[in-house]
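Undergrad: Heads up: the sequence lines are chains G and V, in that order. Residue numbers for the first sequence, in my numbering: 3 to 217. Residue numbers for the second sequence, in my numbering: 7 to 392.
No lab work stands behind these hints, which were simulated from the structure alone. It is possible that some hints are incorrect.
Subject to a maximum C-alpha distance of 30 Å in a straight line, what follows is the list of computed BS3-like cross-link-like pairs (lysine-lysine) [what the hints assert, rightly or not]:
| # | chain 1 | residue 1 | chain 2 | residue 2 |
| --- | --- | --- | --- | --- |
| 1 | V | Lys57 | G | Lys123 |
| 2 | V | Lys392 | V | Lys57 |
| 3 | V | Lys392 | G | Lys55 |
| 4 | G | Lys56 | V | Lys95 |
| 5 | G | Lys56 | G | Lys217 |
Over 10 Å on every C-beta distance to chain G, these chain V residues come out as not near it, computed from the model [unchecked claim]:
| # | residue |
| --- | --- |
| 6 | Val25 |
| 7 | Glu28 |
| 8 | Leu34 |
| 9 | Asn123 |
| 10 | Pro179 |
| 11 | His249 |
| 12 | Arg254 |
| 13 | Ser305 |
| 14 | Val356 |
Some, not all, of what chain V presents toward chain G, calculated at C-beta under 7 Å [said to hold, decoys possible]:
| # | residue |
| --- | --- |
| 15 | Ala200 |
| 16 | His344 |
| 17 | Asn347 |
| 18 | Ala348 |
| 19 | Asn352 |
| 20 | Ser354 |
| 21 | Cys355 |
| 22 | Glu357 |
| 23 | Asp373 |
| 24 | Met376 |
| 25 | Val377 |
| 26 | Gly380 |
| 27 | Phe381 |
| 28 | Glu383 |
| 29 | Gly384 |
Cβ coordinates follow ideal geometry from the N, Cα and C atoms, glycine included.
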Amino acid sequence: MDETISNSTAIPAHSDRIRVDLQLIADMIEPGTRVLDIGCGDGELLGYLTRTKKVDGRGLELSNEGVRNCVAQGLPVMQGDADRDLADYPDGAFDYAILSQTLQATQRPKEVLSELLRIGKQAIVSFPNFGHWRARFDLMFRGRMPQNPNLPIMWYETPNIHFCTVLDFVALCKEMDLTIERSMVLNESGSKLSLGSQTRFSNFLGNQALFMLSK
Amino acid sequence: MSTATNTQKRPPLPGHHMVLGETEKLRLDSGVEFGPFTLAYQTYGELNADKSNAILVCHALTGDQYVADDVHPITGKEGWWSEIVGPAKIIDTDKYFVICSNVIGGCLGSTGPKEINPETGKPWGLDFPVITIADMVRAQTMLIDALGIDMLFAVIGGSMGGMQVLEWCKSYPERVYAAAPIATSFRHSAQNIAFHEVGRQAVMADPDWCGGNYLLEGKKPSRGLAVARMTAHITYLSQPALHRKFGRKLQNRGAITYSFDNDFQIESYLRHQGKSFVDRFDANSYLYITRAMDYFDLSLEYDGRLAEAFQGCKTRFCVVSFSSDWCFTTAESRIVAHALNAASCNVSCVEIESDKGHDAFLLDEPDFHMVLSGFIEGAAEGRGLK
Chain G
3 MDETISNSTA IPAHSDRIRV DLQLIADMIE PGTRVLDIGC GDGELLGYLT
53 RTKKVDGRGL ELSNEGVRNC VAQGLPVMQG DADRDLADYP DGAFDYAILS
103 QTLQATQRPK EVLSELLRIG KQAIVSFPNF GHWRARFDLM FRGRMPQNPN
153 LPIMWYETPN IHFCTVLDFV ALCKEMDLTI ERSMVLNESG SKLSLGSQTR
203 FSNFLGNQAL FMLSK
Chain V
7 MSTATNTQKR PPLPGHHMVL GETEKLRLDS GVEFGPFTLA YQTYGELNAD
57 KSNAILVCHA LTGDQYVADD VHPITGKEGW WSEIVGPAKI IDTDKYFVIC
107 SNVIGGCLGS TGPKEINPET GKPWGLDFPV ITIADMVRAQ TMLIDALGID
157 MLFAVIGGSM GGMQVLEWCK SYPERVYAAA PIATSFRHSA QNIAFHEVGR
207 QAVMADPDWC GGNYLLEGKK PSRGLAVARM TAHITYLSQP ALHRKFGRKL
257 QNRGAITYSF DNDFQIESYL RHQGKSFVDR FDANSYLYIT RAMDYFDLSL
307 EYDGRLAEAF QGCKTRFCVV SFSSDWCFTT AESRIVAHAL NAASCNVSCV
357 EIESDKGHDA FLLDEPDFHM VLSGFIEGAA EGRGLK
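Given these sequences and hints, build the entire structure.
TA: If you want it as structure tokens, here you go:
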């Protein structure tokens, strides 16, 4: 599911440096809280949060390989997907429900969002911004679906089926009456851009977006 | 000379035997107050000073307490989980104190239908009370009490062993720090009950079963028990594994013989499985233990709401299934994992890709071993075991 971020350098399981965009998420998490990481991949963020922030962390991951790697590191992770398997979790079971770079690959993003905020007191959501100038350039001048290092897979193979822009996402939050606690846009390498995060400008320059939401 | 006399004279099997239920009897699900009774068990490794490093391994239907012995006293082979349990292995006996007891109703030294009923001086036979998975676990708790252990670091088991693991967590959650129910379910499916019934009928149809009194009659329902084992063994394998191993290969012959001899290798293999099984297993024990599995349904007392069975349980779980296991499918494991999630339990749930069917949990499966090892190490860290 994590195709939108290129991750060429493998990070050793117990290194305390993680991908830049994941570090931004980690910085939002209070120590000692309960965290559900949906689409946790190989457990990079979950392992980091468990080790450095002593969170009570759980993961949900679609790929068998990811689940295996997580459990082999001692992380409690289940095989499952965001569309189907969130229903079992009780209301308010977690302080944070994290959905990193996965929303665009879900069948029903709106339902998933509302599930995140049923299970978690706060939701942390990141996604690739389809309003980024490069995506617009590809469509407008090349007449082709955007393809770049962060969106490397062709349209007929990509698991990303529900793209949105930063402004689309803000509009959905408004429609669902969700509070945007924090938001930021990131550049290609996942570093934070110092821009107002919900503007036409950031919608043009932000490669990815990161939101913290509550009800 | 009757076999009953033989039973009495039989030299005891190696390992520990503990007589339990002398003062307070074992209350069985059927309502019977049972005892005193004996549990035969093996231990490996040393119990640490604060008694926090004990792992209880629960055996499957035809398993026994000799989980990691170099030489099994009857078969002469290695213990059934030597792959996993031993010094420097995944369940490291240099680090943990491993306990495995023969289930009540079994036939390797624990009180079961072939042992002598003290009231009659004859083998119990079908007078032995019907036992359940919960009864097996209740008997184990008496053993664990007697060993002075309050909380087990882990309870681990596959198949029927996994049922016991789940029963432990439901009934004694405060006594289990970590649990690994493997290739198992919270209930026995209709298909599994059906196969067990075929096995039981095969035993009972053997005239040498003598209505269950074969020990008194000096007989042994070997043919019936062998057929039961042959049928069951097929369910432990998968179609691709059988095909890979045997295909349509013929047994020591160039052509089919136009007879009912064992022309095919698979026939010869199954006959061998059946034959070697009857040397180590008691037919009545087979009836009792299969029945215990059939009766198992952890959700029954909660009207099917399995999550309620685990409410408030602090145990950490690792639920493992195998992709080609059609006895205890991944779908069943996922029901367990979802229920644990709904009860806010700490749960990992992994499906291991394997074409070896239900028996995969006993075999060399590197991915499974990696997962189990990671789970145990993570739990050991959480429990403060270094």
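Undergrad: Evaluate each hint against the coordinates.
TA: To see whether the hints hold, each was checked on the structure:
no. : hint                    : result
1   : Lys57(V) with Lys123(G) : 39 Å, violated
2   : Lys392(V) with Lys57(V) : 14 Å, holds
3   : Lys392(V) with Lys55(G) : 22 Å, holds
4   : Lys56(G) with Lys95(V)  : 29 Å, holds
5   : Lys56(G) with Lys217(G) : 25 Å, holds
6   : Val25                   : 39 Å, holds
7   : Glu28                   : 41 Å, holds
8   : Leu34                   : 34 Å, holds
9   : Asn123                  : 46 Å, holds
10  : Pro179                  : 16 Å, holds
11  : His249                  : 24 Å, holds
12  : Arg254                  : 32 Å, holds
13  : Ser305                  : 15 Å, holds
14  : Val356                  : 5 Å, violated
15  : Ala200                  : 29 Å, violated
16  : His344                  : 4 Å, holds
17  : Asn347                  : 5 Å, holds
18  : Ala348                  : 5 Å, holds
19  : Asn352                  : 5 Å, holds
20  : Ser354                  : 5 Å, holds
21  : Cys355                  : 4 Å, holds
22  : Glu357                  : 6 Å, holds
23  : Asp373                  : 6 Å, holds
24  : Met376                  : 5 Å, holds
25  : Val377                  : 5 Å, holds
26  : Gly380                  : 3 Å, holds
27  : Phe381                  : 6 Å, holds
28  : Glu383                  : 6 Å, holds
29  : Gly384                  : 2 Å, holds
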